[in-house]
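K.L.:
One-letter residues, chain by chain:
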Amino acid sequence: MGVIDYTQEAPAIEGRPPLREIDDLISKPLESKPDKKYYIALAITTSMLGIGGIALAASLYWGTGLWGNNNPVGWGLPIVNFVFWVGIGHAGTLISAILFLLRQRWRNGIARFAEGMTIFAVMTAGLFPLIHVGRPWLAGYLLPYPNQHSLWVNFTSPLLWDVFAVTTYLTVSFIFWYVGLIPDFATLRDRTTNKIKKVIYSVTSLGWRNSNRHWQHYEMVYLILAGFATPLVLSVHTIVSFDFAISIMPGWHTTIFPPYFVAGAVFSGFAMVQNVLIFIRKIFNYEHIITMDTLDKMNKIMLLTGMMVGYAYAMEFFIAWYSGVQPEQFAFINRAFGPYAWAYWIMVSCNVLFPQLFWIKKVRRNIPIMFVVAVLINVGMWFERFVITVTSLSRDYLPSSWAYYTPTITDGAILLGSFGLFFTMLLLFTKTLPVVSIAEVKAVVDGSQPSHGHEASSEGGGK
Amino acid sequence: MNDKILYGYTGIFDTPDEIINAAEKVSDAGYKKYDINTPYPVHGMDGAMKLPPSKLGYAALVFGLTGTFAALAIMYFMSVLDYPIVIGGKPFFAFPAFVPIMFEVTVLSASIATVVTMIAFFFKFPNISHPLHGTNYMKKVSSDKYGVCLQSEDEKFTEDGAKELLASLNAKDITPIYFPDEVHEKQTVFEPKFISLLLFVAIITSGGTYFALNKLMFMLPFNWMMYQEKTVPQESSTIFADGFGMRPPVEGTISRGNMPYQFKDQPELAAMLLKNPLVPDEQTLATGKEKYDIYCSPCHGYFGEGDSRLRGQYPNPPSLHSEKSRTSSDGSIYHVISAGQNIMPSYSTQLTRQERWATVLYVRALQRSFNAKESDLE
Numbered sequence: 337m338g339v340i341d342y343t344q345e346a347p348a349i350e351g352r353p354p355l356r357e358i359d360d361l362i363s364k365p366l367e368s369k370p371d372k373k374y375y376i377a378l379a380i381t382t383s384m385l386g387i388g389g390i391a392l393a394a395s396l397y398w399g400t401g402l403w404g405n406n407n408p409v410g411w412g413l414p415i416v417n418f419v420f421w422v423g424i425g426h427a428g429t430l431i432s433a434i435l436f437l438l439r440q441r442w443r444n445g446i447a448r449f450a451e452g453m454t455i456f457a458v459m460t461a462g463l464f465p466l467i468h469v470g471r472p473w474l475a476g477y478l479l480p481y482p483n484q485h486s487l488w489v490n491f492t493s494p495l496l497w498d499v500f501a502v503t504t505y506l507t508v509s510f511i512f513w514y515v516g517l518i519p520d521f522a523t524l525r526d527r528t529t530n531k532i533k534k535v536i537y538s539v540t541s542l543g544w545r546n547s548n549r550h551w552q553h554y555e556m557v558y559l560i561l562a563g564f565a566t567p568l569v570l571s572v573h574t575i576v577s578f579d580f581a582i583s584i585m586p587g588w589h590t591t592i593f594p595p596y597f598v599a600g601a602v603f604s605g606f607a608m609v610q611n612v613l614i615f616i617r618k619i620f621n622y623e624h625i626i627t628m629d630t631l632d633k634m635n636k637i638m639l640l641t642g643m644m645v646g647y648a649y650a651m652e653f654f655i656a657w658y659s660g661v662q663p664e665q666f667a668f669i670n671r672a673f674g675p676y677a678w679a680y681w682i683m684v685s686c687n688v689l690f691p692q693l694f695w696i697k698k699v700r701r702n703i704p705i706m707f708v709v710a711v712l713i714n715v716g717m718w719f720e721r722f723v724i725t726v727t728s729l730s731r732d733y734l735p736s737s738w739a740y741y742t743p744t745i746t747d748g749a750i751l752l753g754s755f756g757l758f759f760t761m762l763l764l765f766t767k768t769l770p771v772v773s774i775a776e777v778k779a780v781v782d783g784s785q786p787s788h789g790h791e792a793s794s795e796g797g798g799k
Numbered sequence: 138m139n140d141k142i143l144y145g146y147t148g149i150f151d152t153p154d155e156i157i158n159a160a161e162k163v164s165d166a167g168y169k170k171y172d173i174n175t176p177y178p179v180h181g182m183d184g185a186m187k188l189p190p191s192k193l194g195y196a197a198l199v200f201g202l203t204g205t206f207a208a209l210a211i212m213y214f215m216s217v218l219d220y221p222i223v224i225g226g227k228p229f230f231a232f233p234a235f236v237p238i239m240f241e242v243t244v245l246s247a248s249i250a251t252v253v254t255m256i257a258f259f260f261k262f263p264n265i266s267h268p269l270h271g272t273n274y275m276k277k278v279s280s281d282k283y284g285v286c287l288q289s290e291d292e293k294f295t296e297d298g299a300k301e302l303l304a305s306l307n308a309k310d311i312t313p314i315y316f317p318d319e320v321h322e323k324q325t326v327f328e329p330k331f332i333s334l335l336l337f338v339a340i341i342t343s344g345g346t347y348f349a350l351n352k353l354m355f356m357l358p359f360n361w362m363m364y365q366e367k368t369v370p371q372e373s374s375t376i377f378a379d380g381f382g383m384r385p386p387v388e389g390t391i392s393r394g395n396m397p398y399q400f401k402d403q404p405e406l407a408a409m410l411l412k413n414p415l416v417p418d419e420q421t422l423a424t425g426k427e428k429y430d431i432y433c434s435p436c437h438g439y440f441g442e443g444d445s446r447l448r449g450q451y452p453n454p455p456s457l458h459s460e461k462s463r464t465s466s467d468g469s470i471y472h473v474i475s476a477g478q479n480i481m482p483s484y485s486t487q488l489t490r491q492e493r494w495a496t497v498l499y500v501r502a503l504q505r506s507f508n509a510k511e512s513d514l515e
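Protein sequences, first through last, are from chains A and B. Position one of the first sequence corresponds to residue 337 (our numbering), numbered consecutively onward. Position one of the second sequence corresponds to residue 138 (our numbering), numbered consecutively onward.
Derived from the structure by calculation, the hints contain no laboratory data. Be careful, since some hints might not be right.
Stated by the list, open to error - Anything over 10 Å on all C-beta distances counts as not near chain B; from chain A, calculated:
hint, residue
1, L438
2, T503
3, P704
Unchecked claim - Reference listing, derived: stretches of chain A covered by chain B, where coverage requires no fewer than 3 residues with Cβ under 8 Å from a Cβ of chain B:
hint, region
4, 372-382
5, 400-412
6, 416-427
7, 467-481
Using N, Cα and C, we set each Cβ at its ideal position, and we do this for glycine too.
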């Protein structure tokens, strides 16, 4: 470990590898046959996906009565899972856009992978509102198109804002991802000796020629996209939180929800990215590209956002007391000491207590411990959504309608299937596309930028 | 080799410092049509090549604002003009509620349109048959080398001049690049293969859409909302002894607003006790006339003369202008309407109490008009 000199910025890529070596390393998974471990991993994830698929098919055939959802808890696990997965999808754009605007050079090694995770997580998330409507084949009515009923959608409903926010987020993330991939496709096109691959990469690279007349516009468009994606990523979870905050349920109707949800989303997203990157850097030998410093910085962000989430938990209690509104006060006492107290205390311990370990530098730079903490963070963040959704609904204003919500085995199987879907797509991604941006990594290797007469400095960043 | 058309001359450099220097020298030498190819964007290259700043920002601004105002206009049209519905007590033009969607549409349209503008108009992509593609030069500059390409289109370009300039910059691998031999003259769009692919796609798409919308939606389980295990009105049912799906009301049930007539077999009592609660004003007489014309006039005639329009299928009723009719009380006429008389049935289900009294008033008006006194003319 040794002592780190914080007066000198740590190199984003360790060891000053030759550029050709970066090409070789990053395109190796695409050019080699998958090994046994890969097939085992794929078998596990597709089995999970299959279990989820069967549960989903059964739910569509026999109806949503197979789930635990019932009055008064109409928003059970499907909405919990939706919010959870949208949250996971927030780290990608944060890393690729916000850290790009802040000129954090260490983002270059992890941005591609995080963006890919964003897209898969949002796709997984998008499934849940669709199946929650019960008849997903009629979901086209969510779009304002001229129909035979002459009816339009309700533009004042946060649920409709959600439709726009999530589809916009998915589209913009995909565009961002693809724009980043264009130069890498060109590199792969010029490397490959396989004829079919050559055709595919020629088409997907659109004929990129690494021309500096193009790089100039390319960098501008990257900046513009980052500029748009930054408010977008903040808006998406804000609007997801509006689904709750615009209603009048006690425990939901609070103005702290948008920042609280965004912080939570970044928190869980970083935990998921960190978890998966630990495997990626080990399996593909990317330890010098995705450095320990990078993981260290991600852990610091988790510590920060974890504290923000903890602050929100405390502030919710304070505001409930300060507001003097009786149902609000009851909702929070019920959360912490009511029938779902077990879920609440799992949430608090996983989200607020365990991340405090990241104050210790040795923990931040210890892979097994940080992995466990990040897993706990995601468990905690899932329970946060569970607590918010279920405790408020199960005990609303009318005590005669109170009920205890228990998810069924079908609910559980669909949740398992969502993990299966996400990780299956992730595994396929690692073998079909470069999981690290070749061009962006080259741009931040020491010595890759001209010195302009200065001493060989390492001025860099995405731009 | 000389029959090929020259595209340009290329040279390779090893370090970013060299390529910046080379770019400055080439642009200083007055070349306009040249290019620098690097595996990643090299800092300071825009300045070295003397490129004007990218104008893509303007495209983003225009497309973004277009998205904002289009979203606002569409929402205004849908929620204010075309189908205004009050939701949650909000105004039709609920601007704060429109803001999230305006923002999302702005981002969406600006992102898509800016990227498409860059790719299609700034880069002229997709173009996968450029002379540089597939050359060793391209293979090097897409990996770890930095290259300069002087194009033959440039006014200053001569083969020797280009070679000399590149050599003076210490470039390696100075090679000419030629246009590909075959020039595709034939329009590939009209090839049978391509046309049949288009046809195939068209048939699959339209057939799939037709099947999904007109057939699939009416198959199990998609139609379970339409075919439910329940009995709808007018259907037969095996559950009940009488075979009807609909149930008769419990005995003694009365419909809302209709109290049963309490003087059913007591015409004298009715004539004596019942008093008309209405006053003969314009509105009640209009109601009375309307109801009289509908229910009474088929037998009694429009003016109560007993001139039935039923052409003798029923015996004609007596005139309403007889002495007996004129002198009977309002309650007595009301009783006849409510309970029926001889072959006349009860009209208590067709007419509410108010309407019956209004009809009585209209009959009174008819009687008076047929037997008017001098004083009525005043």
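K.L.:
If you test the structure against every hint from before, which numbers come out violated?
P.N.:
2, 4, 5 and 6
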